[in-house]
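From just these sequences and the hints, can you work out the full model?
Going left to right, the sequence shown walks through residues 1 to 199 as our numbering numbers them.
Rather than coming from a laboratory, the hints here were simulated on the basis of the structure. Hints are supplied without guarantee of correctness; some may be wrong.
To be verified - Cβ-Cβ distance ranges computed for the label pairs, FRET-style: (1) N44 to V78: 30 to 40 Å; (2) L8 to L132: 17 to 27 Å; (3) G119 to Q173: 34 to 44 Å; (4) Q173 to G149: 30 to 40 Å; (5) V79 to L147: 30 to 40 Å; (6) L8 to E162: 33 to 43 Å; (7) G46 to E116: 15 to 25 Å; (8) N45 to D169: 15 to 25 Å; (9) L37 to A68: 33 to 43 Å; (10) W160 to F85: 13 to 23 Å; (11) R163 to P29: 14 to 24 Å; (12) N44 to L157: 23 to 33 Å.
Note that the Cβ used here is the ideal one computed from N, Cα and C, for glycine as well.
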Amino acid sequence: MKLYLRLLAFALLTRRRSRVSVLGPARTPFRVWPTDLDLLRHVNNGTYLTIMDVARLDLLSRAGLSRAVRARGWYPVVVAETITFRRSLTLFQRFEVVTTCLGWDERSIFLAQDFERGGKVVASAVIRARFLGRDGERVTPDQLLALAGDVGPRPSLPEWVERWAAATDARTQTKPGTDSHARPAGGASSRSTLPSIRP
Numbered sequence: 001m002k003l004y005l006r007l008l009a010f011a012l013l014t015r016r017r018s019r020v021s022v023l024g025p026a027r028t029p030f031r032v033w034p035t036d037l038d039l040l041r042h043v044n045n046g047t048y049l050t051i052m053d054v055a056r057l058d059l060l061s062r063a064g065l066s067r068a069v070r071a072r073g074w075y076p077v078v079v080a081e082t083i084t085f086r087r088s089l090t091l092f093q094r095f096e097v098v099t100t101c102l103g104w105d106e107r108s109i110f111l112a113q114d115f116e117r118g119g120k121v122v123a124s125a126v127i128r129a130r131f132l133g134r135d136g137e138r139v140t141p142d143q144l145l146a147l148a149g150d151v152g153p154r155p156s157l158p159e160w161v162e163r164w165a166a167a168t169d170a171r172t173q174t175k176p177g178t179d180s181h182a183r184p185a186g187g188a189s190s191r192s193t194l195p196s197i198r199p
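Here you go:
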């Protein structure tokens, strides 16, 4: 329900929003709603991910790609995302999500999304996303970006993003006959191998 309310507000706002490059940055304004809060009265960590979805749609819309993407039956999916929290957001505070394309490879597009309030970063996230077609076929980043026309020089994918992508790939690959969620011998839980999302 929260997502639908956010999408309704987004639809009303984007009519008056300025155009941006598909590479960003796109600054999307938000306000903390009562439905965003947890028992400690600050924004629930899961709510950040929902708000990030809306901000990515804002980038797509303001870059002029939404209609062309829908016409082709393409839709975005998140492959991986990592978020780091630095501060809290509380009731009725205003904030922005700044969405920027970090680069892409042959299959995925990588985005940075920063939550900012009063010039300070509240949370930082990195997202690996893909587009699929009606029959589940993969849409390459080059196919998507061709709809945007000339977007300028292709950004060089930062090394830390490549390390993060490799780490998330390694954690989702399972060898035959093994349990990807199994704990190591002795019963101790395994330590995360994910790197910091920023250098």
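May I ask which of the numbered hints given earlier this structure violates, with the numbers listed in increasing order? Hint check: 1, 5 and 11 fail, others pass.
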